[in-house]
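Chemist: Protein chains in written order, with my numbering: chain C, -8 to 106; chain A, 408 to 517.
Check each hint, because a few of them may be wrong.
Unchecked claim - According to the in silico footprint, chain C covers these stretches of chain A (three or more CB under 8 Å from chain C): (1) 450 to 456; (2) 505 to 515.
Claimed, not checked - Derived Cβ-Cβ restraints for the label pairs, each shown as a range: (3) ASP56(C) <-> GLY422(A): 50 to 58 Å; (4) TYR481(A) <-> ILE3(C): 37 to 45 Å; (5) PRO99(C) <-> LYS433(A): 27 to 35 Å; (6) ASN428(A) <-> GLN33(C): 15 to 23 Å; (7) ALA484(A) <-> GLY44(C): 46 to 54 Å.
To be verified - Pulled a few chain C residues facing chain A out of the computed Cβ check, cut under 10 Å: (8) ALA(-7); (9) VAL(-5); (10) SER34; (11) LEU35; (12) PHE82; (13) ILE84; (14) SER86; (15) ASP93; (16) GLN95; (17) TYR96; (18) PHE97; (19) GLY98; (20) GLY100.
In case anyone wonders, no lab produced these hints; they're calculated from the structure.
Backbone N, C-alpha and C define an ideal beta-carbon position, used for all residues, glycine too.
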Amino acid sequence: GAVVSQHPSRVICKSGTSVKIECRSLDFQATTMFWYRQFPKQSLMLMATSNEGSKATYEQGVEKDKFLINHASLTLSTLTVTSAHPEDSSFYICSASSGGTDTQYFGPGTRLTVL
Amino acid sequence: QQPVQSPQAVILREGEDAVINCSSSKALYSVHWYRQKHGEAPVFLMILLKGGEQKGHEKISASFNEKKQQSSLYLTASQLSYSGTYFCGPSSGSARQLTFGSGTQLTVLP
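The shape of chain C in the complex, shown without the other chains (with noise of 0.2 Å):
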């Protein structure tokens, strides 16, 4: 049980365009789902928290107009990196919670290189 899927697994695309991550939880419902971002060698980063049918909660420093997230239902949540930047390139791992313990469930991740 507890498992999460993230599509696409990589991803490679030209500066300047869009690129929409899907986090979806397979198994159970997921009040909660948490969007992170992973640099070589270091922790995860959380960039949003994001409650099924309300706004998303940025953490500070992250442009909640450049990563827009929409959590439309309790299985899935997207996240779009808009008008992407080599800067951009990055390990984008989404969790998952259903409340309780707070514990969170990973996806697979996905790997953003911006040309």
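Fit chain A to the given chain C structure using the hints.
Modeler: Structure of chain A alone, referenced to chain C:
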């Protein structure tokens, strides 16, 4: 503020033990431990909810000292599969957000 983990890296021989420490400057509600292998997403190991609680999972166990705002992960008789980067993720409130530590890279050699 990011929790501090120590050591930053450790190399073991198969069968040896290791301890990874996690220290936070904030009061803690719970502590989560995850292991991440290179290029993969973190995998949940365990959660500790109460001060002083100790939990175990096979040969991996952990303790949580709420007063000291610290948690430790104990790996006993390490196996090759234990290699990876271990992160602690303390939670300091009801927002369910975790602030991940700096990570400890564990390498188990045959």
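Chemist: All hints are to be evaluated individually against the structure, with a verdict given for each.
Modeler: Here is how each hint holds up against the structure:
no.	hint	result
1	450 to 456	holds (count 4)
2	505 to 515	holds (count 6)
3	ASP56(C) <-> GLY422(A): 50 to 58 Å	holds, 53 Å
4	TYR481(A) <-> ILE3(C): 37 to 45 Å	holds, 41 Å
5	PRO99(C) <-> LYS433(A): 27 to 35 Å	holds, 30 Å
6	ASN428(A) <-> GLN33(C): 15 to 23 Å	holds, 19 Å
7	ALA484(A) <-> GLY44(C): 46 to 54 Å	holds, 47 Å
8	ALA(-7)	holds, 8 Å
9	VAL(-5)	holds, 8 Å
10	SER34	holds, 5 Å
11	LEU35	holds, 5 Å
12	PHE82	holds, 8 Å
13	ILE84	holds, 5 Å
14	SER86	holds, 8 Å
15	ASP93	holds, 5 Å
16	GLN95	holds, 6 Å
17	TYR96	holds, 6 Å
18	PHE97	holds, 4 Å
19	GLY98	holds, 6 Å
20	GLY100	holds, 5 Å
Consistency with the previously given hints is maintained throughout, with no hint failing.
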